[in-house]
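There are 4 protein chains.
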Amino acid sequence: MGIEQGMITIVIGTNRHHAKSKWVGNWVKELLESHQVESQFLDLADLPEDITVSALYEKSGKNEQLNALSAKMLQSEKFFFIVPEYNGSFPGVLKVFIDALPYPNPLAGKKASLIGISSGMQGGGLALSHLTDILHYLGVQVLAQKTKLAFIEKNLKGETLGNDLYQQLLTEQVDAFLNF
Amino acid sequence: MGIEQGMITIVIGTNRHHAKSKWVGNWVKELLESHQVESQFLDLADLPEDITVSALYEKSGKNEQLNALSAKMLQSEKFFFIVPEYNGSFPGVLKVFIDALPYPNPLAGKKASLIGISSGMQGGGLALSHLTDILHYLGVQVLAQKTKLAFIEKNLKGETLGNDLYQQLLTEQVDAFLNF
Amino acid sequence: MGIEQGMITIVIGTNRHHAKSKWVGNWVKELLESHQVESQFLDLADLPEDITVSALYEKSGKNEQLNALSAKMLQSEKFFFIVPEYNGSFPGVLKVFIDALPYPNPLAGKKASLIGISSGMQGGGLALSHLTDILHYLGVQVLAQKTKLAFIEKNLKGETLGNDLYQQLLTEQVDAFLNF
Amino acid sequence: MGIEQGMITIVIGTNRHHAKSKWVGNWVKELLESHQVESQFLDLADLPEDITVSALYEKSGKNEQLNALSAKMLQSEKFFFIVPEYNGSFPGVLKVFIDALPYPNPLAGKKASLIGISSGMQGGGLALSHLTDILHYLGVQVLAQKTKLAFIEKNLKGETLGNDLYQQLLTEQVDAFLNF
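Just so you know, the sequences run in chain order A, B, C and D. Using my numbering, you'd call the opening residue of the first sequence number 4 and step up by one each time. Using my numbering, you'd call the opening residue of the second sequence number 4 and step up by one each time. Using my numbering, you'd call the opening residue of the third sequence number 4 and step up by one each time. Using my numbering, you'd call the opening residue of the fourth sequence number 4 and step up by one each time.
For the record, the hints were derived by calculation from the structure and aren't laboratory data. Hints are supplied without guarantee of correctness; some may be wrong.
Same chains, same label: a pair holds when it works inside one copy or across any pair of copies.
What the hints assert, rightly or not - Derived DSSO-like pairs: lysine-lysine, alpha-carbon spacing no greater than 27 Å straight-line: (1) K160 / K113; (2) K157 / K62; (3) K25 / K160; (4) K160 / K65; (5) K114 / K25; (6) K23 / K65; (7) K23 / K62; (8) K75 / K157; (9) K113 / K65; (10) K25 / K62; (11) K113 / K62.
Make a model of the complete structure from these sequences and hints.
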């Protein structure tokens with residue numbers, strides 16, 4: 004890679020345990036390793052249980068458990084967001100996490116790459132569009148390429164990806180993001 | 004009104020206490036009363052503190068405190084959503100509440116009317132667009148007219164509205180919703 | 004149907020000749036006929052060739068060929084929009100047609116039902132979201148149910164639909180629109 | 004500037020003559036000149052009058068007048084899009100121009116910066132969101148910062164900008180784009 008890469012944070016965009024999002028995160032981690040790029044997970048399953056009352060608004064930045072998590076965002080210049088589709092958009096907890104980040108937001112000027120997942124046919128198309136609007140609002144540059152893993156259950160082989168096109172799209176997206 | 008109206012639920016779309024959203028909800032309630040239409044509040048400040056771990060996914064429908072709140076959605080055929088703009092969209096807690104509704108979702112076939120609020124100039128334009136996508140996904144009919152109360156702080160007179168255009172737009176929206 | 008239905012206009016949302024959009028329009032027309040509801044086509048293939056210079060802005064309402072077409076919009080209270088996906092959204096000519104409608108716009112207070120078509124997997128999801136934003140801006144009520152006919156080529160049997168799920172979704176959408 | 008800049012093309016996103024969009028384009032051109040960066044206009048007022056029938060679909064790439072215009076897109080790696088709000092989104096002619104670009108699209112991998120303009124309060128917020136979706140679909144990287152020039156008529160001083168905040172936002176956006 005021509006561009007020096009620091010630690011990349013892979014955000015698992017749901018707090019549902021054992022989610023397929025984690026598997027997709029693993030595939031991304033492996034692709035990054037094949038480029039000798041370090042990465043770490045930030046799993047929304049680790050959010051404080053009472054985040055909606057202990058870390059928003061006037062309490063922003065005052066929840067130590069959340070601050071430890073947010074610190075991963077501060078250490079990285081680049082993020083992958085693994086985004087399962089819930090109710091036609093991304094999970095509410097992902098936006099709660101964004102709303103709980105300290106002010107002024109620590110993401111401005113950083114870079115994000117989005118991957119959508121769905122059981123149905125959309126692959127999170129609207130979810131990724133909504134999230135792009137929000138990240139752009141926050142001053143985060145968003146990679147144009149956004150793989151949409153529709154019909155995810157039909158395209159798994161155990162915990163690995165059993166679809167060559169999806170594999171190619173993810174590989175190209177990771178390459179593009181390292182050069183972004 | 005030609006259309007018989009049941010109880011309308013006014014959803015205060017944030018869990019921030021003392022929010023201006025509550026005042027806007029009051030203005031809507033008064034407009035409904037002027038048409039002899041009953042309404043009740045559903046304030047997201049009343050969400051369970053641990054909603055993100057106690058009421059989502061496999062625990063959907065199993066949190067009694069949330070069920071009491073969700074019951075208001077079941078009693079009504081029509082909803083106002085009062086939506087403050089946070090980070091370029093609606094508050095994450097509003098989507099968490101939607102994600103926590105029992106499955107199959109109880110909103111399909113019902114009707115919603117959206118009002119945006121912002122300190123800045125957008126009035127929640129993107130927030131209302133995102134929320135419309137989600138409500139449409141859930142089979143909820145969304146009124147086309149969506150008042151956007153931009154620069155809200157400059158347009159208040161105490162806890163009342165000090166802007167004639169905004170007052171007219173809200174009045175027209177309430178009228179349109181009663182006929183929707 | 005409980006609701007008295009006037010003539011419904013089916014807008015073929017592209018000016019490409021022999022488009023699959025026309026076939027989808029025919030399926031909708033047949034479904035309407037099964038309910039004894041009259042409908043007519045408005046095919047964007049009939050737009051004036053020089054619409055972008057003869058019918059926009061200060062020339063709005065002054066192009067007789069376009070006025071004849073627009074008149075169909077005036078005669079109807081309800082519209083279907085058949086929307087093929089081009090470049091991640093709906094065809095530019097559809098928006099040109101909307102931009103060329105006389106001012107004040109004749110669609111306010113009317114009702115629309117949207118159907119997306121794509122060769123790929125999205126089924127026009129973003130196209131229909133963008134079009135919903137525009138129609139809501141114009142005061143047009145948009146039915147929540149929006150069938151997305153993804154992978155259209157694989158789901159045809161000649162000029163008819165060879166996919167039972169799609170057939171069911173279209174049937175339900177037409178039913179819902181007649182009651183909207 | 005650390006990044007070597009080639010010619011930047013400023014797309015005037017409407018074919019309306021004497022549009023304020025042209026003035027905004029001029030302000031951007033001057034800001035680029037202050038950085039010794041060359042730029043050229045691509046004015047949609049120069050589109051072929053019959054573009055909707057002579058340059059789309061099977062005729063893509065076969066209209067010489069359009070090809071001359073498209074060539075400007077090929078010469079540049081970076082584009083500004085000046086986008087007036089029409090009917091709640093961007094002008095239909097802008098999408099027609101995008102739909103008429105040769106296939107495979109010549110924009111993939113290039114970079115765009117968007118500026119919205121409106122008479123009303125939105126500043127083209129939804130227009131820029133829709134256009135971002137389309138550009139991302141085409142593989143164009145879109146700068147997060149997008150100045151929204153709301154209430155444009157009230158913020159002009161003749162043909163120049165009479166609003167210090169807007170001037171600052173445009174200056175920052177141009178700087179950010181040169182480093183993008």
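Hint check results:
Taking the closest pair of Cα atoms, K160 and K113 never come within 27 Å of each other, the shortest separation being 34 Å inside a single copy and 36 Å across copies. Taking the shortest Cα distances, K157 and K62 sit within 27 Å of each other only across copies (25 Å), while inside one copy they are farther apart (43 Å). Within a single copy, K25 and K160 get their C-alpha atoms as close as 15 Å, which meets the 27 Å cut-off; across copies the closest is 40 Å, which misses it. Proximity of K160 and K65 under a CA criterion of 27 Å is satisfied in neither setting, with 43 Å inside one chain copy and 33 Å between copies.
Proximity of K114 and K25 under a CA criterion of 27 Å is satisfied intra-copy only: 21 Å inside one chain copy versus 32 Å between copies. For the identical chains of this complex, K23 and K65 are inter-copy neighbours only, at 23 Å across copies versus 31 Å inside a copy, given an alpha-carbon limit of 27 Å. Only between protomers do K23 and K62 lie at most 27 Å apart by alpha-carbon distance; the minimum there is 18 Å, versus 32 Å within a single protomer. In this homomeric assembly, K75 and K157 never come within 27 Å of each other (Cα to Cα): the closest approach is 33 Å inside a single copy and 38 Å across copies.
Taking the shortest Cα distances, K113 and K65 sit within 27 Å of each other inside one copy (23 Å), while across copies they are farther apart (39 Å). When the C-alpha separation of K25 and K62 is checked against a cutoff of 27 Å, the pair qualifies only between copies, where the shortest distance is 20 Å, while the shortest distance within a copy is 29 Å. With identical chains, the CA atoms of K113 and K62 are at most 27 Å apart within one copy only, with a shortest distance of 24 Å there and 35 Å across copies.
Checked against the numbered hints above, the structure breaks hints 1, 4, 8 and satisfies the rest.
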